[in-house]
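K.L.:
Start from the sequences, fold in the hints, and give me the full structure.
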Amino acid sequence: MPEVRAEMVANVWKVVVGEGDQVQDGDTLVILESMKMEIPVLAEDDGVISRLKVAEGDVVQEGDLIAVIE
Amino acid sequence: MFESVLVANRGEIASRVIHTVRAMGLKAIAVYSEADAGLPFVAEADEAILIGPPQPARSYLDADRVLEAARRTNAQAIHPGYGFLSEDAGFAERVIDRGLVWVGPPPLAIARMGDKINARNLMMEAGVPVSPGVWEPVPDAATAVAEAERIGYPVMVKAAGGGGGIGMGAARDEAELLLAYETARNRAARFFSNSDILLERYVEGARHVEVQILGLADGTVVALGERDCSVQRRHQKIVEETPSPGVSPQLRARMLDAGVRAGETVGYRGAGTVEFLVDPAAQDFVFLEMNTRLQVEHPITELVTGIDLVEQQLLIAAGEQVTFTSVEPHGHAVEFRVYAEDPVRFLPRPGDIKIWEEPVGEGIRIDAGYAEGNAVTPFYDPLLAKLCVHGADRAAALRRAEQAVGAFQIEGLQTNLPFFTELLGDPDFVAGTYDTGLVDRMRR
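So the sequence lines, in the order shown, correspond to chains A and B.
Residue 70 is where the first sequence ends in full-length UniProt numbering, and the numbering goes up by one at each step.
Residue 444 is where the second sequence ends in full-length UniProt numbering, and the numbering goes up by one at each step.
Derived from the structure by calculation, the hints contain no laboratory data.
Take these hints with a grain of salt, some might be off.
As the list claims (entries may be wrong) - Partial selection, computed: residues in chain B whose CB lies under 8 Å from chain A:
1) Phe2
2) Gly25
3) Lys27
4) Leu347
5) Pro348
6) Pro350
7) Pro378
8) Asp381
By construction, the Cβ of each residue, glycine as well, lies at the ideal position given by its N, Cα and C atoms.
P.N.:
This is the structure we're talking about:
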């Protein structure tokens, strides 16, 4: 089951999906913000969001789990 | 002359301004956020004062806190650097109302140029060429479609109160326009106090060339040459050079003249930059916008003219004469913005600086915001340092750049330095024939 992890230290600006949502490859899951730039985090598979580990305003470190898609 | 200057900024530009303030025998006061306590600019100032948490809105962008810091330190003048409060006319007004010296243009000049629609209209009236576009804000998507039809595709969609490329997007047809309009609207509402949107004809294959001006204390406006800023990613500059390899002497004379006229139109004082788009084939240009502050890439103008722009800003703010009587540029200078970002997709990469070794040598200038051991946090823009080179001609400057880029050692986090090595081997860049599409073409 594919895990989506943060590529960099960032603030979670927007959470677009919720647990239980059906997503497709390429859908935006959350939008991070780092160094004055918005960085959308995309689904890399089709599936259902089984876990969502971040909320708006959180700070994520590189490698932190953002979501699990099943 | 005032005796102390509070520098309302951070990182490399705070260090840069503090350097000249101290060289002039004045007291330099820094303000810093909790995230920046360990950065060089804090130690370089004569006095430094903590103004708040890392978030810009609660520190560097918080006018109340900055003014309170000025009061507590008895600062007599405020230099805003670039970004943050530098183009906030209301802040400039408050500084002046408190009896402090504002090291910048009159608030009215900031306001008149800060709204890009108003600036376009002003320039048109002053006889400075602008590209076909709107006279008024575009209130909704339907109006955007109608205006784009009238102007002709491709069009550029921008936030009227924007800057730094944020919210800007080009559209080739109606579908792209609707998307670009929506994006610009959202970004404008989020990042800028003014959510107005403007449309103008997008010039493809253009070069981005800007003119450095100085409005002197006696009201005269002078031009200090141009800078070519066509190497961009996401509509943001990463490399600048002067003189522009795409501008003939005749075109240069016309552009410098237009830059001076732009400044005169708004009663400009101090350092400002008038940006143009140049069609290299037609050797023609249109006004883009004016930045009413010190520009990031000002060092390359300093390298070729030998004029310290920050010193002139301070002298003009004090009502005194500038240090030069004529502008005689020598040689060629190039600036590389060293960013904490990956060199392929240009995505931000905050981290800790484990090793920082700057290149040294003749014709090399580094304006750095960080040093070994510092943390680069996600709160601010990714600029680590500006690597500038100066040579007798363009070829000499590029040779020097190649050595300097190779010798700059930064470890602990990713930087875009490898991209510069790539760029210095790119035929279009080496030949000087590139335009604003260069980086996208290299990455396709």
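K.L.:
Confirm or reject each hint.
P.N.:
Do the hints match the structure? See the list:
Violation of the interface hint for B/Phe2 is found here, the shortest Cβ-Cβ separation to chain A being roughly 32 Å, above the 8 Å cut-off. Restraint check, B/Gly25 versus chain A: the minimum CB separation of about 35 Å is more than 8 Å; hint violated. Evaluation of the B/Lys27 hint against chain A yields a violated restraint, the C-beta minimum of about 31 Å exceeding 8 Å. The closest approach between the C-beta of B/Leu347 and any C-beta of chain A is roughly 6 Å, which is under the 8 Å cut-off, so the hint is satisfied.
Against a cut-off of 8 Å between C-beta atoms, the interface hint on B/Pro348 holds, since the closest Cβ of chain A lies about 4 Å away. Taken as an interface hint, B/Pro350 checks out: its beta carbon lies about 4 Å from the nearest beta carbon of chain A, inside 8 Å. Checking B/Pro378 against chain A by beta carbon gives a least distance of about 4 Å; that is within 8 Å, so the hint holds. Below 8 Å, beta-carbon pairs count as interface contacts, and B/Asp381 has one with chain A at about 5 Å; its hint therefore holds.
Hint compliance for this structure: hints 1, 2 and 3 are broken, all remaining hints hold.
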